[in-house]
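Number of protein chains: 2
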Amino acid sequence: MDRTMINQIEKFNNETVCIKGWLHRTRKLSKIAFIQLRDRTGLIQCVVSKDRFEQIKNLKLESILEIIGKVSESTNSTGNYEIQVDSLNILSAVTEDMPIEINTEDMNINIDTELNHRVLSLRNVKNKAIFEIQAQISESFRRFLTSRSFTEIFTSKIVAQGAEGGTALFKVKYFEKDAYLTQSPQFYKQMMVGAGFERVFEVAHVYRAEEHNTVRHLNEYVSMDLEMGFIKDETELIELETQFLKYMLLELKNNYSKQLELLGAELPVIEGKIPCLKLSDAINILKQEYGKNELENDLDPEGEKLISDYVKNKFDSDFVFLTHYPISKRPMYTMPLDTSVTRSFDLIFRGLEITTGGQRINDYNMLKQSMINKGLNPEDFSDYMNVFKYGMPPHGGLAIGLERITCQLLGYRNVRYGSLFPRDRTRVTP
Amino acid sequence: MDRTMINQIEKFNNETVCIKGWLHRTRKLSKIAFIQLRDRTGLIQCVVSKDRFEQIKNLKLESILEIIGKVSESTNSTGNYEIQVDSLNILSAVTEDMPIEINTEDMNINIDTELNHRVLSLRNVKNKAIFEIQAQISESFRRFLTSRSFTEIFTSKIVAQGAEGGTALFKVKYFEKDAYLTQSPQFYKQMMVGAGFERVFEVAHVYRAEEHNTVRHLNEYVSMDLEMGFIKDETELIELETQFLKYMLLELKNNYSKQLELLGAELPVIEGKIPCLKLSDAINILKQEYGKNELENDLDPEGEKLISDYVKNKFDSDFVFLTHYPISKRPMYTMPLDTSVTRSFDLIFRGLEITTGGQRINDYNMLKQSMINKGLNPEDFSDYMNVFKYGMPPHGGLAIGLERITCQLLGYRNVRYGSLFPRDRTRVTP
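Protein chains in written order, with the UniProt record's numbering: chain A, 1 to 430; chain B, 1 to 430.
Just chain A, same shape as in the assembly (with noise of 0.2 Å):
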């Protein structure tokens, strides 16, 4: 008998289906007990009769079954239907009570614990359903950008030498040599648009060889990126990244609406552009409106925090992109706009930084220039100053973090939930 995947169920009203899943709760009464089976699609209630007791009585909690009954209406706490048992059977025994409890919507253990036992607790639907969005927005990135003739592309993770100019990379053993994992896929996104792809992306794990260990980083994580040639400035960046999110937004709403419920999460609303403030703009602003006097050429957590406060109340936006940062905060191949500022941004989203973006210096000379000033020596870059000299265009790109936006989204403030299996600086388990 074919399988029936519980949310088509009410397709089979007074019908005989067969569910397969797991075990999710039981409850005894004298005469009758009540399981509820949940699968990849979600919950239903199964009543089983006293002549079944003894094929139950030792049945720990997500055991997988195979039950095949009677389908009718019902009011119950897993929705409108039921399934009234007519054979059991067990796929896999459990036979140890749970490590941690999963089968209610907040598990209220602590996040070490929940990363300890990952697997068990992504069974946990609030789990199940971040991971969900999480692949609805990476798929939403991908076919935003084929839709505009962008080209996917993949490439290498182990590189000789690091792109931001060395600091904070993994060292790999490579046979005789010593290399890096990448933590951007910067220069080869940018050379790929000279090569003449012109428009190209990347969802892919880059390495940060980061000391800290904070709620806002992780060590490995995703970073969905893009590069585009023939642009004209860092404004078309800008745009097309709203028109990403917006698009992203509707996709959400249109097919994620479950989950979005289950977890409470209230998808932010882009109407026309996305406010941009100067950098130097948005440090008067905590100077004057929050007393924050300290920050200088970049903001902090707290500032991050304080301006997204300041833009949604002055112009009810979750987000607000920061530009013209200076070129001493900026590495070499960003573009100047002229002595002091640089043609980059960043986009804040409920108070936390979720994408870097700017345009790229494009000619062979500024390029190396830029390199000297930051005290890098041009000869590392071979291969990737190579291209410079045989016609780049003007071009630019931006990454978000697939990890940070997922958690903003939906109101995780530690970006670990974000991630299936966590890497930080001490996790590289499970």
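Hints in this document: simulated from the structure, not taken from any laboratory. Where hints are given, some of them may not hold.
Footprint (simulated), chain A over chain B, 3 or more residues, beta carbon under 8 Å [unchecked claim]:
id, stretch
1, 119-128
2, 147-156
3, 176-185
Once the Cα atoms are required to be at most 16 Å apart in a straight line, the calculated EDC-like pairs of lysine to aspartate or glutamate come out as [said to hold, decoys possible]:
id, chain 1, residue 1, chain 2, residue 2
4, B, Lys126, B, Glu114
5, B, Lys173, A, Glu211
6, B, Lys126, B, Glu261
7, A, Lys389, B, Asp97
8, B, Lys177, A, Glu211
9, A, Lys173, B, Asp424
10, B, Lys177, A, Glu210
11, B, Lys232, A, Glu66
12, B, Lys173, A, Glu210
13, A, Lys389, B, Glu96
14, B, Lys171, A, Glu176
15, A, Lys177, B, Asp424
16, B, Lys173, A, Asp424
17, A, Lys171, B, Asp178
18, B, Lys171, A, Asp178
19, B, Lys389, A, Glu96
20, B, Lys389, A, Asp97
21, A, Lys173, B, Glu210
22, A, Lys232, B, Glu66
23, A, Lys171, B, Glu176
24, A, Lys232, B, Asp2
25, A, Lys177, B, Glu211
26, A, Lys70, A, Glu10
27, A, Lys177, B, Glu210
28, A, Lys173, B, Asp178
29, B, Lys232, A, Asp2
30, B, Lys177, A, Asp424
31, B, Lys173, A, Asp178
32, A, Lys70, A, Asp2
33, A, Lys173, B, Glu211
34, B, Lys128, B, Glu114
Every value quoted in this text rests on a predicted model; they were computed, and no experiment measured them. Ideal Cβ positions, reconstructed from N, Cα and C, are used throughout, including at glycine.
Following the hints, complete the assembly by docking chain B onto the known chain A.
Chain B only, in chain A's frame:
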């Protein structure tokens, strides 16, 4: 003036357009010059009158130009239109001759030279076509699976131990610890089935620190992985892969005929089912038909080629599934069929293995025993083992090597042609 892409020119006959791209080729006559401009969509001939000769005199190939001019019909080597140049603006001037010639269909340089100049060699139209097709393959994989309720996952590439028993791993210095680059998402995708997602896929890099340097191997490659719960047996996976291949081939045929023609690639046709042979039968066939006597329990590269020839002649198929691999040749998680062979398979495509897959063991005790039989210590795999204690459905999966399937489809014998920035025994740049 907005940019017009070259493949849209035919819509603007007798109109003035602005095009941008790389200077692909020039031919100067006494009173007129022809230049070919190349953008990401194609090539077009532009006609330059004598009064502009001064401007183009020193132009090197691959300079980036912005050309404004009127479109007219014409018959020339690039197509049925040309542009009479009204203005020509140099966006990026090249001052050195290109180190390799990329403006012919075939570059006729050896692969090392090609890879040393990778970014430039990718400007060659054939190379570009390879990676446009590759992007379509990965997109097809994801779209096919998403439509069948698979969820995309992103799992860590930094692991505490290998999935296949610990050999051929690249070591990473992870702060105070040693960690490794993952050989496959095998453990994680199985764990995600057990975490209740049931059906998952991942398209991501994997790493093999294998010493050999052959045309079939890369030390970093893109693995298209899927894993699926509640299967009957491995035949469901064979059927799923067959359906995927049909879908992907149809997408390529419908959308990439231009690229396929340029590459001289003939798509394989799958009529109904792909032939299946037991490995032992395949070995007997190789003995009887080709006098190849040395094989035992596995094929070698020559064996893969010969069995493909056999299947092509006998069944007119470019694909063949080899099944019933012996337990001794398969990893510890492979589901046995009896005491000697497993429920696993390989897919051979035009003489090369592109997939390994199969049903996995889902019973905790059976898995533990299988590890012991392989000389492994189950305690070393406790995070992985744990999920098998708490309800693991029958499941299985497979992986397709993206570079391999790309090269086999397009007729490239060296898998490096299917990787933008290949990593092999000696190469970590560019």
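Given the hint that Lys177 (chain A) pairs with Asp424 (chain B), does the C-alpha gap stay at or below 16 Å?
12 Å, holds
Stated coverage of the stretch 119-128 of chain B by chain A [criterion: 3+ residues, CB within 8 Å]
This one holds; 5 residues, not fewer than the three required, reach chain A with a Cβ under 8 Å.
Distance restraint between Lys232 (chain A) and Glu66 (chain B), which requires alpha-carbon spacing of 16 Å or less
13 Å, holds
Satisfaction of hint between Glu211 (chain A) and Lys173 (chain B), Cα-Cα up to 16 Å
13 Å, holds
Within a Cα-Cα threshold of 16 Å, do Lys173 (chain A) and Glu211 (chain B) meet the stated pairing?
Roughly 13 Å between the alpha carbons, so the hint for Lys173 (chain A) and Glu211 (chain B) holds.
Would you mind confirming whether the straight-line C-alpha gap from Lys232 (chain A) to Asp2 (chain B) stays at or under 16 Å?
11 Å, holds
For a C-alpha distance cap of 16 Å, please report whether Lys177 (chain B) and Glu211 (chain A) respect it.
13 Å, holds
Holds or violated: Lys173 (chain A) to Asp178 (chain B), with C-alpha atoms at most 16 Å apart:
Roughly 11 Å between the alpha carbons, so the hint for Lys173 (chain A) and Asp178 (chain B) holds.
Are the Cα positions of Lys177 (chain A) and Glu210 (chain B) separated by 16 Å at most?
14 Å, holds
Assess, step by step, whether the Cα of Lys389 (chain B) is no farther than 16 Å from the Cα of Glu96 (chain A), and give holds or violated.
This hinted pair holds, its Cα atoms lying about 7 Å apart.
Distance restraint between Lys177 (chain B) and Glu210 (chain A), which requires alpha-carbon spacing of 16 Å or less
Measuring from Cα to Cα gives roughly 14 Å; hence the hint holds.
What's the verdict on Lys126 (chain B) and Glu114 (chain B), does the C-alpha distance respect the 16 Å limit or exceed it?
13 Å, holds
Of the hints listed earlier, there is not a single one the structure fails to meet.
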